[in-house]
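J.: This is what each chain is made of:
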Amino acid sequence: MTGFTAAQLHEIPPRDKWIPVRDHLGIGAFGINAYTAAKAGETVIGEHVETVSGHEELYVVVEGHATFTVDGDEIDAPLGTLVRVDPETRRKAVAKEDRTTVLVTGAAPGAIFEVSAWEETWQPNQAAMKLYREQRYAEASGVLRDALKTYPDAAQLHYNLACFDSLAGAYIGTVAESLRRAIELNPGFKDLARDDSDFEPVRGESAIQELVGEAR
Amino acid sequence: MSYTVARIEDIPEITDGREPWRPVRHHLGIKAFGVNVWTGKAAGDRLINEHDEADGPDEELYLVLRGRARFELGDEQLDAPAGTLVFVQPETRRTAFAEEPDTSLLALGGRRGGVYDPGGWELWAPVNPLYRDGEYAKAAEQGRLIADANPDYWVPAYNVACCEALAGRPTEALAYLRRAVEKADQPREYAKGDSDLDSLRDDPAFKELIGTS
Numbered sequence: 001m002t003g004f005t006a007a008q009l010h011e012i013p014p015r016d017k018w019i020p021v022r023d024h025l026g027i028g029a030f031g032i033n034a035y036t037a038a039k040a041g042e043t044v045i046g047e048h049v050e051t052v053s054g055h056e057e058l059y060v061v062v063e064g065h066a067t068f069t070v071d072g073d074e075i076d077a078p079l080g081t082l083v084r085v086d087p088e089t090r091r092k093a094v095a096k097e098d099r100t101t102v103l104v105t106g107a108a109p110g111a112i113f114e115v116s117a118w119e120e121t122w123q124p125n126q127a128a129m130k131l132y133r134e135q136r137y138a139e140a141s142g143v144l145r146d147a148l149k150t151y152p153d154a155a156q157l158h159y160n161l162a163c164f165d166s167l168a169g170a171y172i173g174t175v176a177e178s179l180r181r182a183i184e185l186n187p188g189f190k191d192l193a194r195d196d197s198d199f200e201p202v203r204g205e206s207a208i209q210e211l212v213g214e215a216r
Numbered sequence: 001m002s003y004t005v006a007r008i009e010d011i012p013e014i015t016d017g018r019e020p021w022r023p024v025r026h027h028l029g030i031k032a033f034g035v036n037v038w039t040g041k042a043a044g045d046r047l048i049n050e051h052d053e054a055d056g057p058d059e060e061l062y063l064v065l066r067g068r069a070r071f072e073l074g075d076e077q078l079d080a081p082a083g084t085l086v087f088v089q090p091e092t093r094r095t096a097f098a099e100e101p102d103t104s105l106l107a108l109g110g111r112r113g114g115v116y117d118p119g120g121w122e123l124w125a126p127v128n129p130l131y132r133d134g135e136y137a138k139a140a141e142q143g144r145l146i147a148d149a150n151p152d153y154w155v156p157a158y159n160v161a162c163c164e165a166l167a168g169r170p171t172e173a174l175a176y177l178r179r180a181v182e183k184a185d186q187p188r189e190y191a192k193g194d195s196d197l198d199s200l201r202d203d204p205a206f207k208e209l210i211g212t213s
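Protein sequences appear in the order of chains A and B. FYI, the numbering used here numbers position 188 of the first sequence as 188, with every residue one higher than the one before it. FYI, the numbering used here numbers position 29 of the second sequence as 29, with every residue one higher than the one before it.
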């Protein structure tokens, strides 16, 4: 270590549509990643809240032009726009121009920064999602069960495990327990599960209905 | 407010008599990390003052938003066109210059393994030249307006206390020091070794405030 590390934003190897700035540079004080949409109309920032992490987030449009929707309000966000969002506020962004990039910085006020579980679990999640797309559901579940030994509080892993087990025809109690844990860690998964077709095989089960209610 | 929005160029620049910057963190009300934008209008302009962050100690990340910068990092030089990220360890001396007109730099800071302190140091910037020139009474008068208008921050109140003490006004100094220590733990620690407050050190009220009695 010479006291600094430098990189060009677009030379950092991307993971799907995001650029792992924090991990690449070894930053330990806050979370920071960049998200790019190649074409206008594509999602740059998927709709989400940061209730579980408690992160206050700052979005900076560093390339192109985006449209944010925050707390139901539409925000035109050309190059150089800054958007700060509270943890519990729902937000998303769509590219208005080709090659739109948004830099996202996040941390919890008054707390020591810890790397988010979703960032740490990205690789096993991706491996499992590949098997899922190939309809190899039981194998996908196996990958996540292994990952949960290392990341027992990763809500996304529990949720995806519930999905894969549902599709693999696993015991309903197992599916329900994974989904219950996911919702406990991140209540946002309750709404997601209600309309998620992955749960069609178990939708009529009382254990699932008790967790998410009837499908809309 | 569940969110706040601004365009970088709409945030007014402030200066402490050295390089001007846009106080993004304060403007948007961010509490979890520091963030500012520095712009060099002409090629050759210094973008960020030469400094390290060992006192924090804070990690800092810079992103060249537009134009082209040249960083000096310890003994090394770094050419940094738009899109360059530079992550600097707390102890490393750093400064940067614009290599092209209208070069803009985003600076983010926080503490690894520690809690970020949004103390409001940015707000004191316009008063700093008076302090540096030894105009303590004038600095205190201007500083009071800032501290009174921003009661959630401890740094302006603490700095007013220092200026009042240096101006020979112990009652006012203690009043502002009290405000600062009621907001955060840091001012109590700073006050223990701060020579600006030496004139108060034997005062029982000071000892009680700082916990040195």
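Please note that a few of the clues may not be correct.
Unchecked claim - What follows is a set of in silico ranges between Cβ atoms, one per label pair, in the way DEER data are often shown: (1) A:133 <-> B:49: 37 to 43 Å; (2) A:99 <-> B:31: 54 to 60 Å; (3) B:134 <-> A:187: 23 to 29 Å; (4) B:126 <-> A:78: 43 to 49 Å; (5) A:133 <-> B:18: 53 to 59 Å; (6) A:135 <-> B:31: 43 to 49 Å; (7) A:120 <-> B:207: 46 to 52 Å; (8) B:193 <-> A:191: 40 to 46 Å; (9) A:76 <-> B:151: 31 to 37 Å; (10) B:186 <-> A:5: 24 to 30 Å; (11) B:126 <-> A:90: 22 to 28 Å; (12) A:195 <-> B:175: 56 to 62 Å; (13) A:92 <-> B:51: 36 to 42 Å.
Rather than coming from a laboratory, the hints here were simulated on the basis of the structure. Backbone N, C-alpha and C fix where the C-beta goes; we use that ideal spot for every residue, glycine too.
J.: Taking the hints in turn, state whether each one holds.
T.: The hints, checked one at a time:
The hinted range of 37 to 43 Å is not satisfied by residue 133 of chain A and residue 49 of chain B, whose Cβ atoms lie roughly 52 Å apart. Checked against the given bound of 54 to 60 Å, the beta carbons of residue 99 of chain A and residue 31 of chain B, roughly 32 Å apart, lie outside it. In this structure the supplied range 23 to 29 Å is violated for residue 134 of chain B paired with residue 187 of chain A, their Cβ-Cβ distance being about 57 Å. For the pair residue 126 of chain B and residue 78 of chain A, the beta carbons lie near 30 Å from each other, so the given range of 43 to 49 Å is not met.
Taken as a hint, the range 53 to 59 Å holds for the pair residue 133 of chain A and residue 18 of chain B, whose Cβ atoms sit roughly 55 Å apart. Checked against the hint of 43 to 49 Å, the C-beta distance between residue 135 of chain A and residue 31 of chain B comes to roughly 46 Å, which is consistent with it. Range check, residue 120 of chain A to residue 207 of chain B: about 48 Å between beta-carbon atoms, so the 46 to 52 Å window is met. Taking 40 to 46 Å as the suggested C-beta distance range, the pair residue 193 of chain B and residue 191 of chain A does not conform, at roughly 53 Å.
For residue 76 of chain A paired with residue 151 of chain B, a C-beta distance near 34 Å keeps the hint of 31 to 37 Å intact. Range check, residue 186 of chain B to residue 5 of chain A: Cβ separation about 29 Å, and the 24 to 30 Å hint holds. Hint check: residue 126 of chain B to residue 90 of chain A, Cβ distance near 38 Å, so the stated range 22 to 28 Å is violated. Between residue 195 of chain A and residue 175 of chain B the C-beta distance comes to about 59 Å, which sits within the given range of 56 to 62 Å.
At about 38 Å, the CB distance of residue 92 of chain A to residue 51 of chain B agrees with the hint of 36 to 42 Å.
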